[in-house]
Each structure stands twice: as C-alpha cells, then as structure tokens.
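Following the hints, put chain B in place on chain A, whose structure we already have.
Residues per chain are reported as follows:
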Amino acid sequence: MGSDEAMMEEILSITGLKKYFVKKGLFGRKEVVRAVDDVTLSIKKGETLVLAGESGSGKTTIARLILGALEQDAGKIVFDGIKISDKSEHLKKIRMECQMVHQDPYASINPRMTVLDIIKEPLEIHHIGNKLEQNKIVRQALAEVKLEPIEEIVKKHPHMLSGGQRQRVALARAIVTKPKLIIADEPVSMLDVSVRVGVLDLMKELQEKHGISFLYITHDLTTSKYVGHQIAIMYLGKIVEVGPINDVLSKPMHPYTQALLDSVSEPDPDNLHKNKQIRINESTNENTYQGCRFRAKCPYAIDKCKQEPELEKVQENRFSACYIKIN
Amino acid sequence: MDTLVIEGLEVKYASQGTSVHAVNNVSFVLPKNESLGIVGESGCGKSTLGLSIIRAHQEKTSISGKIIFDGKSILDMSPKDFTENIRWKEISMIFQGAMNSLDPVFTIRQQFVEILKKHKFQGDAHQIIEHTILQVGLSESVLDRFPHELSGGMKQRVVIAMALLLRPKIVIADEPTTALDVLVQAQIINVLKELKKQGLSIVLISHDIGIISEIAEKIAIMYAGEIVEFGNLDEIYRNPMHPYTVALLNSTPKLKTESKITVLEGAPPSMINLPEGCKFYDRCPHAMDKCRKNPAKINTKSGYVMCWLYE
Numbered sequence: 001m002g003s004d005e006a007m008m009e010e011i012l013s014i015t016g017l018k019k020y021f022v023k024k025g026l027f028g029r030k031e032v033v034r035a036v037d038d039v040t041l042s043i044k045k046g047e048t049l050v051l052a053g054e055s056g057s058g059k060t061t062i063a064r065l066i067l068g069a070l071e072q073d074a075g076k077i078v079f080d081g082i083k084i085s086d087k088s089e090h091l092k093k094i095r096m097e098c099q100m101v102h103q104d105p106y107a108s109i110n111p112r113m114t115v116l117d118i119i120k121e122p123l124e125i126h127h128i129g130n131k132l133e134q135n136k137i138v139r140q141a142l143a144e145v146k147l148e149p150i151e152e153i154v155k156k157h158p159h160m161l162s163g164g165q166r167q168r169v170a171l172a173r174a175i176v177t178k179p180k181l182i183i184a185d186e187p188v189s190m191l192d193v194s195v196r197v198g199v200l201d202l203m204k205e206l207q208e209k210h211g212i213s214f215l216y217i218t219h220d221l222t223t224s225k226y227v228g229h230q231i232a233i234m235y236l237g238k239i240v241e242v243g244p245i246n247d248v249l250s251k252p253m254h255p256y257t258q259a260l261l262d263s264v265s266e267p268d269p270d271n272l273h274k275n276k277q278i279r280i281n282e283s284t285n286e287n288t289y290q291g292c293r294f295r296a297k298c299p300y301a302i303d304k305c306k307q308e309p310e311l312e313k314v315q316e317n318r319f320s321a322c323y324i325k326i327n
Numbered sequence: 001m002d003t004l005v006i007e008g009l010e011v012k013y014a015s016q017g018t019s020v021h022a023v024n025n026v027s028f029v030l031p032k033n034e035s036l037g038i039v040g041e042s043g044c045g046k047s048t049l050g051l052s053i054i055r056a057h058q059e060k061t062s063i064s065g066k067i068i069f070d071g072k073s074i075l076d077m078s079p080k081d082f083t084e085n086i087r088w089k090e091i092s093m094i095f096q097g098a099m100n101s102l103d104p105v106f107t108i109r110q111q112f113v114e115i116l117k118k119h120k121f122q123g124d125a126h127q128i129i130e131h132t133i134l135q136v137g138l139s140e141s142v143l144d145r146f147p148h149e150l151s152g153g154m155k156q157r158v159v160i161a162m163a164l165l166l167r168p169k170i171v172i173a174d175e176p177t178t179a180l181d182v183l184v185q186a187q188i189i190n191v192l193k194e195l196k197k198q199g200l201s202i203v204l205i206s207h208d209i210g211i212i213s214e215i216a217e218k219i220a221i222m223y224a225g226e227i228v229e230f231g232n233l234d235e236i237y238r239n240p241m242h243p244y245t246v247a248l249l250n251s252t253p254k255l256k257t258e259s260k261i262t263v264l265e266g267a268p269p270s271m272i273n274l275p276e277g278c279k280f281y282d283r284c285p286h287a288m289d290k291c292r293k294n295p296a297k298i299n300t301k302s303g304y305v306m307c308w309l310y311e
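Line by line, the protein sequences give chains A and B.
Counting along the first sequence from 1, when you hit position 267 you're at 267 in our numbering, and nothing is skipped either side.
Counting along the second sequence from 1, when you hit position 128 you're at 128 in our numbering, and nothing is skipped either side.
Just so you know, the hints here were simulated from the structure itself, not pulled from any lab data.
The C-beta atom is built at its ideal place from N, Cα and C for all residues, glycine as well.
It is possible that some hints are incorrect.
Claimed, not checked - Covered by chain A, according to a simulated footprint, are these stretches of chain B (three or more residues, beta-carbon under 8 Å): (1) 180-190; (2) 212-223; (3) 245-257.
Unchecked claim - Straight-line distance between alpha carbons at most 20 Å, and here's what the computed EDC-like set of lysine to aspartate or glutamate pairs gives: (4) K193(B) - D262(A); (5) K274(A) - D234(B); (6) K254(B) - D247(A); (7) K260(B) - E205(A); (8) K256(B) - E205(A); (9) K256(B) - D220(A); (10) K196(B) - D270(A); (11) K274(A) - D208(B); (12) K290(B) - E266(A); (13) K23(A) - E194(B); (14) K276(A) - E194(B); (15) K193(B) - D268(A); (16) K193(B) - E266(A); (17) K146(A) - D282(B); (18) K30(A) - E149(B); (19) K251(A) - E258(B); (20) K301(B) - D270(A); (21) K254(B) - D270(A); (22) K254(B) - D220(A); (23) K254(B) - D268(A); (24) K276(A) - E149(B); (25) K146(A) - E265(B); (26) K24(A) - D234(B); (27) K204(A) - D70(B); (28) K276(A) - D282(B); (29) K254(B) - E186(A); (30) K193(B) - E282(A); (31) K260(B) - E282(A).
Only chain B is shown next, with the shape it has when bound in the complex:
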C-alpha cells in the first residue's frame, strides 16, 4: 500500500494584495517503506510542499488538491482530528534551522516531556525519551543539559529525536544538514540511513543532489512550484530527461570524477506572475513553440516528466 499520495496539490499565499503561487499542480505517489527526495533551488516551493503535508502553513494560505496518507485524506480532516491523530504521531517534521529554535531555558529532557504532554502521550515517558535519544546516537547524559551546552551536530540530533518521539511513519526533513560542518553532516546522514533501516520513511527536502542520493529511493525535481520530473533515484541520476534536471546535474562540480560543468544561465520566473506554459522556457536550450502551452505529463519508466520533448 502507498504511504503517501498527493494529487493536484496547489498552494497559494496571499501577499500584499497579490497571490504567490508556491506549489502548482503537484502529484506523486510514495510507496510504503520508501523515502523521497525533493530537490530544487531556493524559492521553488519545496519547503511549502513539505509544510503542506503536515498542515503547518500560515493563515491566508489557500490549499487545494488531495494529500492522502494511509488512505486518509489529510486536507479534509478537521484541524482537531489532524492534531490528535496524525501530526507528530504519524507524520512529523524536522524544520529548517530547527536546532536554533530549541528553548534555551529548558533542559533537553524538559523539552521532550513537553512534546509528550502536548500530544497526550500515555505510557512510560522516560523510557521512550531515553530510547529515542539513543536512536540518534547520543548518550542519555545529553537529556539533562541545556541547548547552549551542545554542539551544532548534537543539537541537530536532538531535533531529529524530537521528530521521532511519537514513532511516526514519515518524517519530513527540511534541509537537515545545511549549516553543519561536512564531517557532522556525514554523521547526520548516517543517522538518517540507520532510521530508514528501522522502517522510517523520510521526505528529504534539499538543494544538494549529493545528499539526496544517500537517502531517497524516489526523487522529485521541483522548479517554480512544479514537480518537473519524478522517478526512481537511479533513473533520474543516470538518465535525466527534463532539461532542468539535466542542467542541475551538469552544473554540480564533482570531486572524484572529471566531468564537464555547464552553467545554467538566467533565473527562475517570479512566483507572483507565473507565465503560461513551461516555466523553464526562458532558460531551456530545447525550447520550442509548443512550450508556450502547459507541458503534458508524460509517463516514464518509474515516474513522469513534464516536458513536450518526450511527447
């Protein structure tokens, strides 16, 4: 059974009288026990997509489409129902920069207890807290320390442990390794890999295609609010189809292999007045007349690509 199905998701923010079209007609299916990597540049809507899944968007945001988790339509649930049954219990999130939002005046243990209380946890609180902290590779002594006593890597592990506390099936991780040193970053990736082995699905949001390849079986490439290509990791990295995916892969310098690096010229369109047709039109080396119309969704071996080239 599929864990997460998204169909025709649209998210619009109201901003100073205009509307910002952050997520536009996004659909995908994430099978059980698989992880998803959402890749894209800043402002492409990848964080908004993550926030929508956990219903953590701001007021005045209009959302339409369907998000189906374990057969339940998340967007149709009442806020109370969602909070009591889904949020943190089934789906939780590691927010971007969350390690800087730990409360400085409480110990780590107190902050864990607070989460359990808010979610009306029944059972042995201390046991579950201690088990979770070990799961992310920290020792129990961390629990009685304050955030300022911990290093960046330790704080990030604490934040990951917080997301795992109520044993969710899916954790959405928004740039969980940015702002960390390379060595620490690699250690956090190993923590995530270990959690995956224990049956957790991770939705990893990142701009770093290297890190994504460590975690995700399925890849979604996002550009200007749309998923332009979706499929298996192997398919997309070895045989990218959408010109944007190709450009993204070719513009990343590699360490171990020599490859030709090409620059992607131009900038993504403004999300306020999105043009009709393919959003990549201005930067695409293969652009043709037809691309002025919205591209068709063309099925590929393991997913789809939104591009007229493959019609």
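In isolation and in its complexed conformation, chain A is listed as follows:
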C-alpha cells in the first residue's frame, strides 16, 4: 500500500461517530446521554487538531473510541488508511501507532516502577526489540524529551520528579513505539504556568522532527492556539465549529465559540475596571437534545433553531453548525 499512503494526507478520519451512554436512575428510569453524537472530523499528517469544549462535552469519549477503549455505537474510524474494526490486528495497529498522554501525570504513571520500566513497558507489550535494544530506545526517548542526566533519571521513581518532568516521562513513553498520532488529553492543565510552555514546545518539536500528528484535547483556548493548526469546538456531544485555529479564534462563527472566547481572561490591567461581557443566556433547562443543543443558552436563538443545524461549510475551510451569522 506504499504508494497509496503517500497520496493520503490524513492520518485519522472519523465519520458519523456515535456513542450513547445509558444512565440508569432509580426505579428503572433510564436516561440516555449522547456523549458523542454524529461526529465527523479528520487530522492531517503532521498537524495538530485541537478538540476544545467544556467538561462533559464528549472530548475524552472520542479519544477512548479512537483507541478502542470503548465500543462505538455507529460510525467509521479510518487510521492511516485502514478502517479500524474490533479485529485484533486492527486494534494492535492503532494501539501501537496511536499513543495517549493523559491529563494527570501524578496518576497516569505507576508510582512503583522506575522511569526505565515505565518507558520500556510499551516496547515489552508490543514485543519491540530485545532487552538491550529496548534499553537503548528508552535512553533515546529520554534524550528526545530532554530529561537529563539520563543515567540518573532512568533509576528514579515518579515521586522524585516534578509535574513537568513526569509529563515528559509520559511523552517519552508515548514516542517509543514510533506513533503516527498522539492523543494528548489536557496534557498541561495540571502543570504550573511557567512549565506549560516547555511541554508544549516539546510537543511541537517532536511533531517537526518525526511528523507526529496530535489530537490535543483541552478546554483552554490560549494554549491550544499555541500548539494547534486546526480546531474543532465541541458542545454536548456535537461538533459546532471547525476551521483553521487562528481564523476560528479571531473570527468565531458559532455563538458558543464566541462565548468561550468571551470568557477567557487575558493578563491585562484594563480588565480591572471593565465588566466581563459573556454573550450567553443564563438557562435552567440544559441538555436538550432537540434542535440546536446550545439554543437555551444562545443569545441569538430563533425559532428555526428547534431543528438541529448541520455542520456546514460557510467559507473556505470553515464549518459551523448555526443558522445565524454573528459576524
């Protein structure tokens, strides 16, 4: 398939992905949560797609569906030209070539293992190399994530490392299997401000050097602008806006994106004397799956919003699921 591969520019494409959870209440009452509802998105090779939204919008569920940690209800996931099903060869491929970095580096690495064993584990699972080669790969990975001195670091346990160093260990573990895609789920939100940029820079560097694509899951628009190329904004299981990140963040088309941008506090002394204007309605009945999901909170809502808007092309490269033109 060599020549086909060169033709393709997408590393991952997701079409019509769905995952509903059933919440069982008291007395057998059932409630369906549409965590991921008809989501279509794609990531180009060597690029970073930011998936942004609030907690509970379904971002992490998408990550788990991609990795086959959850079973999808409907939809198609194509990774590196291959449609991923639950066949074990497919799962093996995606679980080797698509790695994950989790939010909390205090919970995502085993406190009883040394750094060497932590980073070596994926190699052992995927039977890559013999012991000697594995040790060499681990040391290369540590050099790539700039954890030095290497010979001291490999012997350490996680509790001897700072948050930023732990996240670097998590990144080292993610790159040893030479992945084509890394899913980073809020990788810097637990880290101190001054350390964050260092980890983000490292992600950018790994991307440039090895052409790794990233799916960067976050609620923080500021850091996403720093690393991202494309952005998809998610609200209650639906993608509401997609486009090149600088365009979307400077000229949002969906009212929800606008509200998210309104709520960001930039370090600016002028903020002190201004009231924060967030263009959003206070609403009580959330979680309506009928029509546009943002309708109850949307300051621009019209009657038509009772029908669900599709994600449609509005401009070159820009997609929005909204009937209103806000700009």
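Quick look at chain B alone, frame taken from chain A:
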C-alpha cells in the same frame, strides 16, 4: 486607613524532623477598599500566607511577624478572641476546592444555619441567608437542595455565599475558579467583581495572571516563600521589574495579541533547605555575584522589588 498590614511574616512547618520554610519575611500593606492578588506557582507558599491571615494553620506551625487588621494585631489575640471577633465576621475564606467539602447529608440552608449558630449570630437568620444567596446570583430555591443536586458552578457560588454570610470586610479566596469550566469561571469572576463594588476587599490567591487582572488592584508576586515584587496591577503588568515577574508574564501564551513566549527553565528550590541569597538565582538570566547575598528591598513607584538589579 489600611485594612491589612503584614510585617516580616515568617511561617515554618515542622515536617519529619525538618522544618519547611513556607513563608519567608513577607511584608505588604493593603489599603482600604482595595483587593490583592497573590500570584505564584504551586508550593511557593501563597496558600500558607492566606491561611495565616485567618489563623487556620496546622498545629506545630511556627509563625512570627505581625499581621495587623484594622489596627489590631491578629497574631497577638487569644484564639478565643480571634474566633469570636475576627474569624468569619471580619475576615473569611473561600478554601481551595471547598465546593467539594459541602456536607452531602444536609441541605444548603442547614449548612448556612450551622455557620450562623457557631458564630452566635443574633438577628434574623433566614433573612440574612436569603439575602446572601441572592448576592451571589443564585435563587432562593437552591437553599432547600442538597449539594449533589447542584452543578459545580452553583456549589462554588454557595461556598462564596458562606464566606460572605457574616458580612466580613475581607474575603481570602484560594483558587476560587480552578476546576471550573471556562464559562462558569467567567461567571464567578463577575460575581466577585460585583461584590467588590459593594465594598468587599478580596485577597485572591491564584496561579492565573489573567484572572488576577480582573480582580486585584495590588499584586504580590511570590516565589519560594517570598514576595519578590509588590505593587499596583498596572505597574507590575506593564512594567515588571523582578526577573521572575518578567519570566512569569512572558511564559503565558496570549489569545488576542501575538507575543514572543519564552520558557522559564529549571525548578524552584526545595523549601526545606532554602539557599542563602536570592532564591531565583539558579534560574535568573541576570544573576551576578552579589545575588548570593539576600536581596535588598528596593522601593518602586507603587510597592517594592527584591532584586539587586535595581539597587
């Protein structure tokens, strides 16, 4: 008159035979009707500083220096005197993660009543509870609900209302918006802004220099237990002097303006064996021989900076 004056505050924790120097020689003056933002990274002592003001530190903590509130020296008061006259009545606190510590088996109203009883409140309890809950933008119906029935943002508002219940002059807010969604976070900031207009002083402890700029007239930048720079918001954000303040501002990506982002390399020193001299020495691009000595406190237009560069 100044609401809060802190002079030479030192706080040490005893921990496994060693002592942790959490707050080191901290001094500042907060004028009446102004709010203070304490900024710093995790472990720099900012929460400890907040806890000391309300005397909520653990046992085995040694505190020295002076905290003067409305002319009264807080640290010299007897615990009974402080509890009866200052805590919650004059100074209250929104603790970090407090929204997760609401008691699940009592309604919000019962938890409010408990606070009033503990502080021997005389007067119309129900009126003050209802007034306070409206003040934070919630409806009265919230009072008869249990914590699990409320969203994160609502719980955080309840916790803010609890701190306001006895009409204090100062509320210390320790990371009141972390762990909340961005939209909710912005709404909470607006609640705090509104309370400020009603005459409340807020001591906001946060690592987020964006949020601080929404609330605080005065800024204290903390590093390894010390306030390395103190002054007006405008001064510090537009014209930072201490190399750490500069690094902190430059390492934050911005959304609306393009600016060069520089990484601050290295890590803060361990608080157990603090080195002599400037604590930022190892990471400072301007470090010189002199910095091996404790830096002098140099007065600036609106505050001070602890750095030999400005001698």
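Against the structure, the hints:
no.	hint	result
1	180-190	holds (count 8)
2	212-223	holds (count 6)
3	245-257	holds (count 10)
4	K193(B) - D262(A)	holds (16 Å)
5	K274(A) - D234(B)	holds (14 Å)
6	K254(B) - D247(A)	holds (15 Å)
7	K260(B) - E205(A)	holds (17 Å)
8	K256(B) - E205(A)	violated (24 Å)
9	K256(B) - D220(A)	holds (14 Å)
10	K196(B) - D270(A)	holds (16 Å)
11	K274(A) - D208(B)	holds (18 Å)
12	K290(B) - E266(A)	violated (36 Å)
13	K23(A) - E194(B)	violated (38 Å)
14	K276(A) - E194(B)	holds (11 Å)
15	K193(B) - D268(A)	holds (15 Å)
16	K193(B) - E266(A)	holds (16 Å)
17	K146(A) - D282(B)	holds (18 Å)
18	K30(A) - E149(B)	holds (18 Å)
19	K251(A) - E258(B)	holds (15 Å)
20	K301(B) - D270(A)	holds (19 Å)
21	K254(B) - D270(A)	holds (15 Å)
22	K254(B) - D220(A)	holds (11 Å)
23	K254(B) - D268(A)	holds (10 Å)
24	K276(A) - E149(B)	violated (28 Å)
25	K146(A) - E265(B)	holds (12 Å)
26	K24(A) - D234(B)	violated (53 Å)
27	K204(A) - D70(B)	violated (52 Å)
28	K276(A) - D282(B)	violated (39 Å)
29	K254(B) - E186(A)	holds (18 Å)
30	K193(B) - E282(A)	holds (18 Å)
31	K260(B) - E282(A)	violated (37 Å)
Checked against the numbered hints above, the structure violates hints 8, 12, 13, 24, 26, 27, 28, 31; every other hint is satisfied.
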